[in-house]
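Engineer: Single-letter residue listing:
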Amino acid sequence: MAALVPSSPSASRRRPILLVLVAVLGAVLVLAPSAMADAFTPDSGGSPNADDIDTLYKIVLYVAIPIFLLVEGMLIWALIKFRHRRGGPEPAQIRGNTPLEMGWTAGAVLILVVLAVTTFLYLGDIKNPPASGPDGLAQGVQVASIDQPRPPGSGGKTLDITVNGQQFLWRFEYPGKDRIFSYHDLVVPTDTTVVLKITASDVQHSWWIPKLGGKMDAVPGHTNETWFKVSKPGTYKGQCAELCGSGHADMRAQVIAVSPNDYEAFLERQGRDIETAQEGLAKQRKAGEGPVGE
Amino acid sequence: MATKDYAADQSTRPQLRAPEIVMHGLKERPGGWLGWLTTTDHKRIGIMYLVATFIFFILGGVEALLIRLQLAVPDGTLVTPETYNGLVSMHGTTMVFLFIVPVLAGFGNYFVPLMIGARDMAFPRLNALSFWLLVFGGIAFYASLFWEPPMAGWTSYAPLSDDAFLPSGGVDAWIFLIHLTGLSSIVGAINFVATIHNMRAKGMGWGRMPLFIWTILTYSYLLIAALPAVAAAVTMLLTDRHFGTDFFDPTGGGDPLLWQHLFWFFGHPEVYIMILPAFGIISEILPVFARKPIFGYRAIAAATVAIAFLGLLVWAHHMFTTPTATVVLVFFMLSSFLIAVPTGIKIFNWIATLWRGSILMKTPLYFAAALPALFVIGGISGVMLAVFPVDWYLHDTYFVVAHLHYVLFGGSVFGIFAGIYYWFPKMTGRMMSEGLGKTSFWIMFVGFNLTFLVQHSAGLSGMPRRIYDYPEDAGWWGYNLASTIGSFMLGIGVLLTVINVIKSIKSGQRAGNDPWKGNTLEWFTSSPPPENNFDVVPRVRSVEPMKDIRREVQRGSEPAGTVAQPVASGT
Numbered sequence: 001m002a003a004l005v006p007s008s009p010s011a012s013r014r015r016p017i018l019l020v021l022v023a024v025l026g027a028v029l030v031l032a033p034s035a036m037a038d039a040f041t042p043d044s045g046g047s048p049n050a051d052d053i054d055t056l057y058k059i060v061l062y063v064a065i066p067i068f069l070l071v072e073g074m075l076i077w078a079l080i081k082f083r084h085r086r087g088g089p090e091p092a093q094i095r096g097n098t099p100l101e102m103g104w105t106a107g108a109v110l111i112l113v114v115l116a117v118t119t120f121l122y123l124g125d126i127k128n129p130p131a132s133g134p135d136g137l138a139q140g141v142q143v144a145s146i147d148q149p150r151p152p153g154s155g156g157k158t159l160d161i162t163v164n165g166q167q168f169l170w171r172f173e174y175p176g177k178d179r180i181f182s183y184h185d186l187v188v189p190t191d192t193t194v195v196l197k198i199t200a201s202d203v204q205h206s207w208w209i210p211k212l213g214g215k216m217d218a219v220p221g222h223t224n225e226t227w228f229k230v231s232k233p234g235t236y237k238g239q240c241a242e243l244c245g246s247g248h249a250d251m252r253a254q255v256i257a258v259s260p261n262d263y264e265a266f267l268e269r270q271g272r273d274i275e276t277a278q279e280g281l282a283k284q285r286k287a288g289e290g291p292v293g294e
Numbered sequence: 001m002a003t004k005d006y007a008a009d010q011s012t013r014p015q016l017r018a019p020e021i022v023m024h025g026l027k028e029r030p031g032g033w034l035g036w037l038t039t040t041d042h043k044r045i046g047i048m049y050l051v052a053t054f055i056f057f058i059l060g061g062v063e064a065l066l067i068r069l070q071l072a073v074p075d076g077t078l079v080t081p082e083t084y085n086g087l088v089s090m091h092g093t094t095m096v097f098l099f100i101v102p103v104l105a106g107f108g109n110y111f112v113p114l115m116i117g118a119r120d121m122a123f124p125r126l127n128a129l130s131f132w133l134l135v136f137g138g139i140a141f142y143a144s145l146f147w148e149p150p151m152a153g154w155t156s157y158a159p160l161s162d163d164a165f166l167p168s169g170g171v172d173a174w175i176f177l178i179h180l181t182g183l184s185s186i187v188g189a190i191n192f193v194a195t196i197h198n199m200r201a202k203g204m205g206w207g208r209m210p211l212f213i214w215t216i217l218t219y220s221y222l223l224i225a226a227l228p229a230v231a232a233a234v235t236m237l238l239t240d241r242h243f244g245t246d247f248f249d250p251t252g253g254g255d256p257l258l259w260q261h262l263f264w265f266f267g268h269p270e271v272y273i274m275i276l277p278a279f280g281i282i283s284e285i286l287p288v289f290a291r292k293p294i295f296g297y298r299a300i301a302a303a304t305v306a307i308a309f310l311g312l313l314v315w316a317h318h319m320f321t322t323p324t325a326t327v328v329l330v331f332f333m334l335s336s337f338l339i340a341v342p343t344g345i346k347i348f349n350w351i352a353t354l355w356r357g358s359i360l361m362k363t364p365l366y367f368a369a370a371l372p373a374l375f376v377i378g379g380i381s382g383v384m385l386a387v388f389p390v391d392w393y394l395h396d397t398y399f400v401v402a403h404l405h406y407v408l409f410g411g412s413v414f415g416i417f418a419g420i421y422y423w424f425p426k427m428t429g430r431m432m433s434e435g436l437g438k439t440s441f442w443i444m445f446v447g448f449n450l451t452f453l454v455q456h457s458a459g460l461s462g463m464p465r466r467i468y469d470y471p472e473d474a475g476w477w478g479y480n481l482a483s484t485i486g487s488f489m490l491g492i493g494v495l496l497t498v499i500n501v502i503k504s505i506k507s508g509q510r511a512g513n514d515p516w517k518g519n520t521l522e523w524f525t526s527s528p529p530p531e532n533n534f535d536v537v538p539r540v541r542s543v544e545p546m547k548d549i550r551r552e553v554q555r556g557s558e559p560a561g562t563v564a565q566p567v568a569s570g571t
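Chains A and B, in that order, are what the protein sequence lines are.
Letter 138 of the first sequence, counting from 1, is numbered 138 in my numbering, and no numbers are missing.
Letter 310 of the second sequence, counting from 1, is numbered 310 in my numbering, and no numbers are missing.
Just so you know, these hints were derived from the structure itself, not from any lab.
Incorrect hints may have been included.
Covered stretches of chain B, going by a simulated chain A footprint (3 or more residues, C-beta under 8 Å) [said to hold, decoys possible]:
1) 374-381
2) 466-474
Which chain A residues face chain B? A few, computed with CB under 7 Å, are given here [to be verified]:
3) 42
4) 91
5) 101
6) 221
7) 224
8) 262
9) 283
Partial pick of chain A residues on the chain B-facing surface, computed with a CB cut under 8 Å [as the list claims (entries may be wrong)]:
10) 96
11) 184
12) 217
These numbers were taken from a predicted model, which means no experiment stands behind them.
Built from N, CA and C at the ideal position, the CB exists for glycine as well.
In isolation and in its complexed conformation, chain A is listed as follows (with noise of 0.2 Å):
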């Protein structure tokens, strides 16, 4: 290229300072990712399918760092480079160069066979739920809800739970004859495979929880799926990501992962406390006091 480059005083003293330039903005693209992670990555860490997503986001943002360079880089060079100067050369009337244009035509083409590549290779383990751990609950007695046919391939030792979106809350419910709900907190166990279905009961919502995968919409009249499988114990929190009325900000959920013993006892407890505010509900209804809204 240097070869192509008329040099001149003013460029030669521009030049230091436009490597250094490219030195800082290259230093920093190169430790950025070990610095301040999250900032340039995706959450992850919960659940497999969330640790999947974020490599394969760090492998297309590999791809795409060295073409953000090239195009800015010549872009920047040819506007410093290539200025007008007073009783200079006419420039040359190139019209176009074939073999270059084919060149990067082709470039782009391997590129984008090389991104597309990669993502069928991590597709089937994002998408495709697992089986669950050794120490996971869905072998136990709460194998739960099997009357839903298990997408091929998935093991079929996975523990589903419903979740239904509605203004403006997450509504839970867990497998089992007592179909015991809750609102915003899901509990579940851990080594796990929680394979949700998602719907909504209003309007369009959209299911997510950064570090336990990717988003789910919940459309009405629809459900949809998605799953995760956490290791340990912990809250993982979100909120739901399509607009969807005055308090869509506020609609947030966090999955408590607990220990498979302690998930059993969640469901007895909630259990209690659903039947009891039922019994209050039907005594209230007896009272005269009217209906009270779910």
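Starting from the known structure of chain A, arrange chain B on it as the hints suggest.
Structural biologist: Chain B alone, transformed into the frame defined by chain A:
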């Protein structure tokens, strides 16, 4: 420097030639404001388009600044959630339907006839109708401010937009806006198609048509292809809301996903409708200021058509998180990838145009060169979003907000500003201030990046779109504060250009016919052009007819060193 570049004084222009045809029975045109109201002159309509859309741009910008103020700190209390949802809906709708799409129609109106050497548009009265439909659409929409604005976002997803959830008239006002501006755009598009196909100067074959004309033609065909889908969708929404149908209501057997498909079948081509003419504008500007022909004319024209075609096949990449079969997601990922190829071709062609040129660093070039610099970021984040498992994370977050603003502001709006600085001398006969222009550019450029670069990070750390507040412990405060500061810089930058325009109309330096040594026919006539545009239309022999004319004049009796002026222009 460079007042010499601004070429000839008006007084040296050749004298007006006697008219060859005398017209009878013509009524005198009304003057003053009535003249503007009743005009069918494409140049006046073009100017009215530009002024009206810029008023909407300012309104949409004020809405954006209110949004940014509300989000500047956690738990913001400046506006209520309802008002916030109204602001979000108004901002998006205004910028898309009342600014970017029609402002490009404004440039098209003014410059298509001039660039192809025509007297006017094919259907001048239809042209006026287009403009007035746009104005009425805008009024119908903004009138909702006095009752209740729409609050379902610019996408008005059903069932939220249904009467059960938003019974007020705001969504209806939005529907009427889509109908009126849609009609305006379709009528305008048919007009552009008829004009470009039939009224080009002698010798201007398809291979000699300016690239801006290629993009306006493509823009028009895309509008004709895409608008009927949204027209149908909003009509169905209207009957759902008021006449008891259930197209989008699952309780009556309808399907909310139908709305998304119909809306995005229009909505994605709309993105290319908004960006392609901006590509066209800078494809005109870069070669003029690099003093070099456009690199790969055929490739750029072909890429324009390819983008438009592929743009009709990618709509469901807005729906990656809906309940949809994986094979469908794969198709839309691959089709979205494909679009990156012609777009990449354009970016490389623009850089190659600048490469080894002799670049004049004037304000139009600053804005034009910023387009590829910023658009490439939006393009790369677009490819990231097309990887649908990654989109499952990024969808509906601020990453998407950043992406779309890099495409539509970094791309379209910087292109539009380039067009304003480039063509202002032709439209008014005066130059805009270079100093004010460059100041405006740098403030806009820095402000824009400060506003939207950090929004990528906000999205990556989990901040969804369209939330009216966020808690302090979410960790999004820093990004949002930076973004708000940037947005006000951006606002100041835009304001400086508005001031520049207003000042320069009265007191700008006289421009002469061809201040930039342009390549295309609009520079052949006087500035501003006379009502009939051209007395004589030269035969077009290449894609750069003005270069040919200047060369011819130089070869003739003109003394060396003076700037060539067309011999046959008049007022």
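Engineer: Give a verdict on every hint.
Structural biologist: Status of each hint after checking the structure:
no.	hint	result
1	374-381	holds (count 3)
2	466-474	holds (count 5)
3	42	5 Å, holds
4	91	5 Å, holds
5	101	5 Å, holds
6	221	3 Å, holds
7	224	4 Å, holds
8	262	25 Å, violated
9	283	32 Å, violated
10	96	4 Å, holds
11	184	15 Å, violated
12	217	5 Å, holds
Hint check: violations occur at hints 8, 9, 11; the rest are consistent with the structure.
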